[in-house]
Each structure stands twice: as C-alpha cells, then as structure tokens.
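Asker: Here is how the chains run, residue by residue.
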Amino acid sequence: VYKRQGINAEYGGNSFLLVSTMKLLLLAFILSLSYFSVSCKDGIVIKSANRLIDLDSQFARHYINFTFENTGSSSVSDFFLAVHEERVQNLVFIAIGNPKTNTSEQLIPVPHEVSEKRALYKVSLPDVTVAPGSTVQFEAFLFFSHVMRPLPAQIKQNERQFVRYEDHAYIFSPYEIKTQTTQIKLASSTLESFLERPPTNHKDNIVVYGPYNDIAPFSRAKIHVHFENNKPFITVTSFVRELEVSHWGNLAVEESLSFQHDGAKHKGSWSRWDYQRASYQNMPLPAVASLTEIFPAEATDFYYRDEIGNISTSQYYGTPEAVSFVFKPRFPLFGGWKTAHYHGFNLPLEKFLFTDYNDGSAHTLNFTFAPLLLDTIIDHLTVRVILPEGATNIKLHTPFPVDNEGRSLHFTYLDTVGRPVVTFEKKNIVADIKGSFQVTYSFSRSSLLREPLLLIGGYFTLLFAFILYLRIDLNLKAKDEKIERVSSILISFKEDVYDVYSGVFTSLEDAFKKYQTDKLSEKDYRNLRAQSDTSVNKANDELKEVLSQLEDVGTPVTSRVNELKKHLTEKFRHLKLLHDNELNTPQGSRNTSAYNKTKQEETRQFELADDEVERIFNELFEKAN
Amino acid sequence: YQRRVREAILSQHFIVKMSKGKKGVVHGESTPPKTVDKANVVPKKNLPVEEEGESSSAIISRTFILVLIALLAFFTRLFSVIRYESVIHEFDPYFNYRTTRYLVFNGYYDFHNWFDERSWYPLGRVTGGTVFPGLMLTAGFVYKIFRLLNFTVDIRNVCVLLAPAFAGKTAIAAYLFTKEVKDSSAGLFAAIIMSILPGYISRSVAGSYDNEGVSIFALIFTFYLWVKAVKTGALFWSALCALSYFYMVSAWGGYVFITNIIPIHAFILVLIGRYSNRLYIAYSSFYVLGTFLSMQVTFVGFQPISTSEHMAALGVFGFLQLYAFTNWIRGHLSPEDFRAVVKFLITLTVGAMAMLFFSGFLTKFIAPWTGRFYSLLDPTYAKIHIPIIASVSEHQPTIWTSYAFDLHFLIFLFPVGLYYCFRDLTDTSLFAIVYAIFSIYFSGVMVRLMLVLAPIACVMTAIGLSTLLRPYVASLRWWKSEKQRDLPAIKPEISLIVLIMVMSLGAVFIYHCVYVTSEAYSSPSIVLAVNSPHGRQFLDDFREAYFWLRQNTDVNCRVMSWWDYGYQLSFMANRTTLVDNNTWNNTHIAQVGKAFASSEDDAYSMMLQMDVDYVLVIFGGVSGYSGDDINKFLWMVRIAGSVDPTVKESTYLTINGEYRIDENASPAMLNSLMYKLSYYRFNDIAVAGSGGQDRVRNTPIGDKKPKLKHLEEAFTSEHWIVRIYRVLKPNARGKERIAKP
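Here the protein sequences come in this chain order: A and B.
Read in my numbering, the first sequence has 255 at position 268, and its numbers run on one by one without any break.
Read in my numbering, the second sequence has 326 at position 325, and its numbers run on one by one without any break.
Think of the hints as simulated: they come from the structure by calculation, not from any bench.
All values reported here derive from a predicted model rather than from experimental measurement.
Beta carbons are placed, not taken as given, at the ideal position from N, Cα and C, and that holds for glycine.
Derived lysine-lysine pairs resembling DSS-like cross-links, with alpha carbons at most 25 angstroms apart:
1. B:K706 / A:K143
2. A:K254 / B:K708
3. A:K421 / A:K382
4. A:K172 / A:K190
5. A:K501 / A:K584
6. B:K706 / B:K730
7. A:K34 / A:K87
8. A:K325 / B:K730
9. A:K252 / B:K730
10. B:K706 / A:K254
11. A:K501 / A:K586
12. B:K710 / B:K730
13. B:K633 / B:K708
14. A:K553 / A:K563
15. A:K254 / B:K730
16. A:K563 / A:K586
17. A:K506 / A:K586
18. A:K382 / A:K338
19. A:K553 / A:K525
20. B:K708 / A:K143
21. B:K710 / A:K254
22. B:K710 / A:K143
23. A:K421 / A:K87
24. A:K584 / A:K500
25. A:K104 / A:K165
26. A:K414 / A:K382
27. A:K172 / A:K34
28. A:K584 / A:K553
29. A:K209 / A:K104
30. A:K315 / A:K252
31. A:K252 / B:K710
32. A:K143 / B:K730
33. A:K500 / A:K510
Beta-carbon label-pair distances, calculated as ranges:
34. A:Y400 / B:S277: 49 to 57 angstroms
35. B:H513 / A:Y400: 37 to 45 angstroms
36. B:V68 / A:T355: 43 to 51 angstroms
37. A:D505 / B:R331: 47 to 55 angstroms
38. B:D338 / A:K586: 31 to 39 angstroms
39. B:L150 / A:S233: 15 to 23 angstroms
40. A:E146 / B:L150: 52 to 60 angstroms
Please work from the sequences and hints to get the whole structure.
Answerer: Following this line, the structure appears as structure tokens:
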C-alpha cells in the first residue's frame, strides 16, 4: 500500500491519497473528520446556485453555477462538493470552470471524505483564494454515467425506449444555499411522469424545480423524471489501446473494444424487415447502427476487424484537425446485444515523439489519455505502450492517478531481448476527459541499427552455412574412390576396346554386304580386313591394360570383363570365318554340304557370341531402355 | 547382397548418364547404330572439363528458375487476399482452421485426445481420432517455428498462406519427378505449368486451407521418391519414399491412390518382364516401412491390413516375394523340376491366399469397399444408394468443359507426352503412364479428383512439349555456331516460327490461367462480391449472422442447420451444431433433413427431442444468392428418405414432377418447415412495393404469409441471406401441444 501511495503521490496532481482499498478509505475518513469540521463549515455561504441537469444522452451532466460569499475571518482557497452516496460510483469526473476567463480545470474525483450518506470532494477555486467578505462565482461540472434506468426494462423491436432518472430537487452541498433552481433538460419532450416539488414547471423537454430558498446543508428531496430517450446507450466494457513505437518513424495504434447496448433489453422476435422499414422511415429507434471515434488528423492505413475477419462497413472523414472514423458493427445493436472488434491505424511518429534538444537519446512520447469514442462510457481502459527494443530509463507521467501500472516485455519481429512495455489501466473514461500522458525513455540512435545488422548477420550466416555445406564432402571417401576408379576404367574399356570392336564389326559387315552386291572389290574388302585386324590387335593391347588395372583395384567386374573379352574374340573369329567361307567358295559350288554346314555352324557361333557380348555388356553398362 | 546393391548403384551411374546422352542422338541420325558416341557414357564425377563448366552454370540458372517458379506459384494464389482479405475460405477449411487453433493453443496431446462435444449434438465427435492431422501439424509446426524466432505471425495468416507456399513446393516436386521420368528441361516445363495450372490452383489459393493443399505436394514428392527408388534400387530412396508416404497418409484420405498406383506399377513391371532386384528392394522396403508408418496415424489404424482398398499393395508385396523366390530356385533346378515346383507353389499360394481373403471377408475382418470407393468404380452408384455423397457438388462426375477450363492446352499435349513415354519406355516412364491412365479415369468420375490428374497432365505436357521442341531449338543453335556445319535438317527460320507459335500458345495459356484464377477460384464464398451500379459491393451476411450468434446467444445453445454450414457455425459462431460437413452419421443428417421437410408441428417435436434452440436457414430470395437452402431442399428430402421411407420426394413435387415454390407447389412443400422459415415475412417487402418476387427462382411465392407457431424470428442478416429462428420453449401447459413421437 505504501509503495503504491508513493508512486501516485509523484504523479497525482491534486491529491495525496489514493483510494484504492477500503482500508485506505476508512483511514482517510477518520483523518479528515477533524479537518473537515474546522475548514468546511467555516463561513462559506452560497448566495445562489443554478443547476442544469442535461439528460440529452445516456449521461447526466450537471452544470452548477455557484455564487458564494466568504463570511468567515480567514481567506478560503478550497471548496467542497457533495455527492449522494448512491451516485459516488457513477461520478466520472468533475470540472471547475471560471466564467471570467472561460477556462476550466478537470479532475478525476478522489473523495475527500466518504460516509454512508455522502461523499465530499475538495476542489481548488479558480481564483486561488477568496478573501473574507468577498464574493466569488464559479461553475462546477459533474459528469455521471449509468444513472438512467430503462423502464420498461424490456421492449419490443419497434418500441421506443423510456428511462427513469432519479435525483434530488435540492443541490447536495455541505454549505447553506440561500437560493437555488434546478433545470432538467430531457432527451425528448415525451415525458411519461415526473415527481413535483413545488414550485415545479414543465415545458417541452425542460423541467424546472425551484427556486427554493434557504436550504440547509445536505438537504434531500427525492424527485424523478421518466421520459423517452432513444440516444445510444453504449457501454464499452473493455477498451485496450496499444501503441507501438518504431523509431523508423511510425506509431502504430491498435484498439480492441468490447461493447454492449445497456438500454432497455430487446425482447421477442426480431425482424430485419421491421428494422429496414424503420430506418427507411427515419423512425427514432433506440438501436445503435454505428459509432464514431475521432483520430488524429495524420492517421492512415485504417483497418477494422474482428475474430472472424474484416468488417466491411466503416467510413472515415478527414478534416485538417482530425479524422472521424465511423464504424458500423456487423449488426445493429439492440438493447442487451453486444459485440467486439479491433481496429487500428498508423501515425507519423514525429508528431507524437519529442527528442531532447541537448540529449539525442532522451525521448518523450505524448498521447491523449482518453480515446475520443463519442457518446460512450469506457468501463475499463487499458493502455499498452510498446517501446523500441533497448529503451531504458522508462518513466510514465499521467495527468491523474491510474489504477494499475505495470511493466512487461513484448516479443515481435527481430527481437532478441524483448521490447519494454508500459501498461496502465483506468476505470470510467469518457471522451470528455481531456489530457495526455507522457512516457519518457532513453533510446540511442545506434540501437536503431540492431535490426538491420541482425538481418544482415542472419543472411550471411545462412550463405556461409551453404558454402560450408557445398565445400564439405560428407561421403565416405574410400568406397567412392573405388567405385569411381572402376567406372573410369570401365569407361576407358568401353571407349578403347568395346567401341573399337563394335566399329570393326559394323564396318566389316557393311563392307561385306557391299562386296556381295558388287559395290566393293574383294581387294578393298581384304584391305579393310587387314586394317580391322590391326585395330583389333591394338584394342586387345588396351584390353590387357584394362584388365591389369581392374586386377589392381580388385573387383568382381574383372571376371565379367574377361568373359566379355572371350566372347568378343569369339565373335570376331566367327565373323571372319563366316566371311572366309563365302569368299573361298565360288558362286557356283555353294550347294555342297560342307559349305552349308560351315555357314550354318559359323552363323550360329557368331550369333551366340553376339548374344553373349550383348548380354554381358548390358549387364556391365545397364542401358536405360 | 551388398555386392549386388553396390553394382546396382554402380550401374545406375551409367543409366543416368546414358539416358542423358540419348539426347545427343536425336539430331545425330548419321551416327552408326552400335557405336555409341563418346558423350554417351560419362561416369558420375569425372566429367570432362568443358562439360563441368557448363553444368555448374546450368545448375545455378536452373535453381534460379525453380526459385522464381516457386515464387510465381505463391504469388498467383494471392488474388483472394488482395481482392478480399486474409480469410479462410468455404466450409471444410473452417474445420481445419478450428482444429489447428485447438492444436496450437492446447498442445498436441489435447488435440490427439480431443472429444468435441460441440458438434454432432448429442453424439459428439472423436475429433482427435477422426482427422488426418498432417495439415494441422504442418501449420502448427510452421507457426511454432515462426514464434520461436519471435516472428509474431497470426495463426490465421499461417493457415491462409500454407496452400500457396506448398504450391511452390509442388512445382519443385513436379520438376524432380519429371526429371526422373524424362530430363531436367522437361522438368522445368512441368514446374512452370504446375505453378499456374487452374486445376491445381482451384484447391490451393490463399485461404483454401484444406488437406489437398499440402497433400498434392506429398503425392508428387512420394512419386518422385518412388521412381528414384525403382531406378536406383537403393534402400535410402525407398525409405525416404516411405517417409513421404507417411506424411501423405497423415494429410489426406487420397493416400489410397498412392497405395494402389505403386503396387500396380510394380505389378506391371513384373508382367512385362522388367522385374529387377532394384524393383524388389524398392517395393519391399517401401511397403513394409510405409505400411507400418501409415498405421501410426490414428484415423488409419489397422485399415492397411483390414480393408479392401489396401489389399492390392499387400497382394503385390506377396507376389514379389514369390517371384523373387522362384527366380532364386530357378538357378538351382533343372527346367523340368523347376516347372513342377512352380506349379506346386502357385497352386499352394493361390489357394491359401484365396482362403485367407475369403475368410477375411466372411468374418468381416477385411472390410468391404466403402460407398465412396464404390462410387469411384461405378459413377452411378452414389446416386442410387448414397444420396449424401451424390449431393456434394465436388462429387459429381466431371463435365467435359471443366477439362478445358482446368487444363486448357494440356488436353492436347497430354497424349503427346503419353506417346513419348511409350516410345522411350523405361521403368520410370511406365510409372508416369500408369499414373496418367488411372488419374484420367478418376478425374472423370469425380470433379474433385481433377486435382489428381492436374500434376500428371503437367508432367505429360512437359515431356511432350520438351521432346517436340528439342529439334527446333537445336536447329536454332546453327545461327550461334560458326556456320561451318551444314544446314540442319529443320531450317532455323521454320524453327523460329514454330517456337513463336508455341510461345503464343503458352501466352494464351497464361492468360487463361490468370483469368480463371482471379475470376473463378479466388472467391472465399464467405464474403460475396456483387457488381452494383455503385461499384463492387460486398455481401457479408454469413459473418454478420454468425457473429450475431456468437455474441448474443447463450454459449451452450444448439443451432440446427443443414450440414453444409456446420463447420462454419462451429468456428465463426462458436455454437453447438447438430450436423456438420464431416457427414459421418447419415441417420443424424437424415433426421435434420426430415425436420426441415416436415410440417412445423412435427418439426417442433423433433427439434425439442434434439434440444434445438435456434434454427438457421440460408435464403437467397432477396439477394439472388442461388446456393440457398430452398435449392438444396430436395437433397434434404432424399437423404431423409434414404433413412426414413415415409419421406417421399414425390410429395414435394408438383403432379407433373416439377420442383416449384409458387402457387402450384405441392401442399407438403408449402407446409414444410424449410419453406416457412425461408419465406417468413418475405411478402412484406412486396407490400412495400420493392420486391416480393423470389429473385433466385424468379417467381412469386406460393404461400404469401407463412405463419409460425412454435418459432420466432431471432435474426436476419442485412440481405436476408441468413435467417435465424428461435425455438420457443413449451410452457407448462404447452406440453400437450407436442405430438407424441
């Protein structure tokens, strides 16, 4: 408790006490009792007070014009405002206006004194001090939410919404009031009923109570008004705003909202046709089809989504001062209906981030505290500010005390140690609350290079790993070498031996065919035959070499090559014998059995050898097809 | 054995090189037939100096081209993201997305043990045991990797972009496969065609987060590894093939295609005398490893040994063992003895197998073929026996125009490629042929299986195109050479004209692909785009209504709708559904169909029995959306009738057998719950003078003022496409209103 008190004393402008626990409340109450009795009643008399209660929306706005006189002996600088106990929870904020200068000062209320019957709020007067005997005029503005009760609590689709507002005819005050009036401005002139406290007048949408004279402090006189109010009754149950600072020049804003219609609940069936007809005819309906939020004028790149995808119904209007973002939920909100979505946009950072002139690494982020979501009350606001990775010395300054302040880390693209996050929460926020919060931190310009360097480094490492992979041979060398050795020997066998043989066979057969058809002389054939012999001899020498090499390597292939050699030689021999048989036997004497027998035998042998050669060769050099 | 394997590897080096060398022969007709020229046989690493330089630059350019193709494949599929948004499409992907989220946020074991009580109320679904988890695991894995590196990507975006990313990989797999079948230049052709082919894009655009998105890659990659294994006979490749098969099994029920195609290939190889030890090694190791791995997928379980679809693989495995055994004993026996032994063996095994299978079928241990399988063999089967299969549009037989639409000029070049595969027949090209023929048949049976045809169509076209163009391109080289050689057989000028013609054909093809992708296949069907006078307008009714349900109804309420919308409801509305696109329980769907087809009173008692809180119908009468429930209504009646014969289709038709909704409609039609829910207060628009005419059926409705007794309108979306009704609870006296079941 003490620690929290300390933090808030630092930021909180007007109060030294934070009422976050009942304990603290009680303590404050006991402490201030004595103080109150001396300072409050002392010599202040309100000469006149005029109150305007504006009920034109879902809120009750109280404008109270006080004229009071210091009848005491010492000068007065503080003034006390009283609120009924049942309204304490609903008071959103107080503003004190100075009609002379037309300025006002806002404060988020922290009760000075709370009892079962009332709460007192201490406010500073706009003119600092009031000397004894002098008179001062000022305006107090109190903003209440959730004070109108729908009656009937449930309505059908095309029925209008009636609400009941309860208050007191007298201004609640710790001081005596000489003369006072209360004006209530209603959302419409349809007034169901109201409680009279003579003198009471009603005209159109105005109900006037008073004037009443000489009302004692803390006097009560219950009144109520029951009237038609079709204004949107939207309550944002949760509003999370996330600001992400990038020193590359962007401030990304994302807002997640859950909201509901808190007016009279819808009952019975719901017809699209009835709704469409009502909207064509411009019938006043309590349904809410769209909401408006005001963004800074520089906002760009809008998006508007929910859990299941884009919502295609939104518009925005830009003016030089601001952008109005009008978003329609997927369906119109009737009483009791709720929905949720998130939307976001980008802002140029330089408009919101200020850098110290002397110290380039000291930055201040300045942003409005309350989201400008019109005509709604935010029950619970959470703001998360994500600072760039490496930001240090982080401090948060808020215009009024906040409920929960926290620090955490956020990890996103290219982060290593995480981005620092400043979080704070606040209950009961409306768009009328003015003021900005600041986050100061240190972030050096060179830290900006961290991410590009990381990228470059990563890319470099990747390429380097690739280079290494290409350079390192993970094969088991010895085995590979053997296979390669064998294959290279086999290649040379094929090229220097086998192909030579094949060439010889082809050319001999070709030549012999030509000879048989008298296209080639016998002499030429014989020459070719001699040439063939020499090339075969050469090939055989090569073959010996190949075989000895294969022996050296020691592979089962050797025996196959040996076999192949045998069959090649056989094939060559039988081919020659076949040709010789033809050559040696003249055309006329070819009917002899010897000739035929030789021819048959040699052809058979030749073909056998040929088959074997083909088989073994294919086995060694298995062909693709 | 080791020696044999090593020899097989050794000889493999030559096979590859020789088949590569073959290219050189094409334009060298003058070479004598038996003297193979020098370049023909090249050992693996001792490449001649000049070729080494060429090949390294070729490798770099090839890699570069492949990377570009993969990128192209990725980016062409992003039309839907740019036109619409990064959103999951259609129906089934929503289930996959929902389960992926469950996997990512609850962990693998919760996912595995997931019993989903929010679907198929009141039965529930054992989701963990009835999904192919491959897709979800892949997306989850990608997501985890990104998160590990602090890349805070959204799981939705991972799911949306998974299919395009895999399309890039499929293109590369197509390259590898074609390279094995033919060569690498045909491979590049295959990759580029694969990357933009509409037939495949239809199932892999961004957002189409379905099993097919990853499994087409797995399919082609498995085939690549299989042909590689057959070529090399290496355990390494067949083991990889089994792994890839495992991935395929975990991702898609279509794995059965692989389970049958590979054994058929092996069997045909043996039949035409191409049996080799390589085949034996490849198939045996693939089958054993693959089967064991596939049984690890819970949904598959013991199916590989107990259902008919898997019996071919088992049979071929046994057959190969026998064949190898016979081969072995052949060497030890004289031909006469051998013949006797073989006769004995064959009788024994055939008899034993027949007994085994027969008793398996009798004891129901081997499950008979499922309806889907029958409908594959007999396209008319489903229409007669299982309306639920026939009712799905993607299960319809393919019309011929969709071949032209999905394949374009591939239908002409497909036979050309097939011809070249036959001409240069190898073990691998035989595989391509088998795959091609089977997939042509299957693609004709079901539109959906066009997806299986698409890859092989690419491969065949690539082979055809590459082989056809080779001589022309070769003749162009004449210009580049020093012109000392004679003019080539084909004049370079003619080659140029031919090439320009082929290129312009390619340009038309590309134009067609882009057009089809952007116009036909990139619509998420969750958001409907309409061209109106005010420009493009989006009808976002589905999400509007689903989100209304999600936000404004009790979290445990039960929504009855036709099964098409089950998956979308359970994710987008996050509400309990009665039936969904899983369609595992036909009677339950029939019950829902019967409720829609009954009169309101009867439907009310049925809905009370099923604890229905809300009823959702899709209605296009106002917007002109033709895929609405009135148009699906007859299928509801048929499916209901297939379980409960008292529901007859004819009672919902006019006397002439027409399906109408105007005043001539049958009384049963006008009284049906579906009719009332669709047209409730529809005529009020007519009174206002702005419609009243059903814009889908183009006719005024029959019963102008349907009255509802037990239901009330709860919500209707902006363009009336989705209508939701609340089922009123009976009051204490109201019990009497409910008819006894």
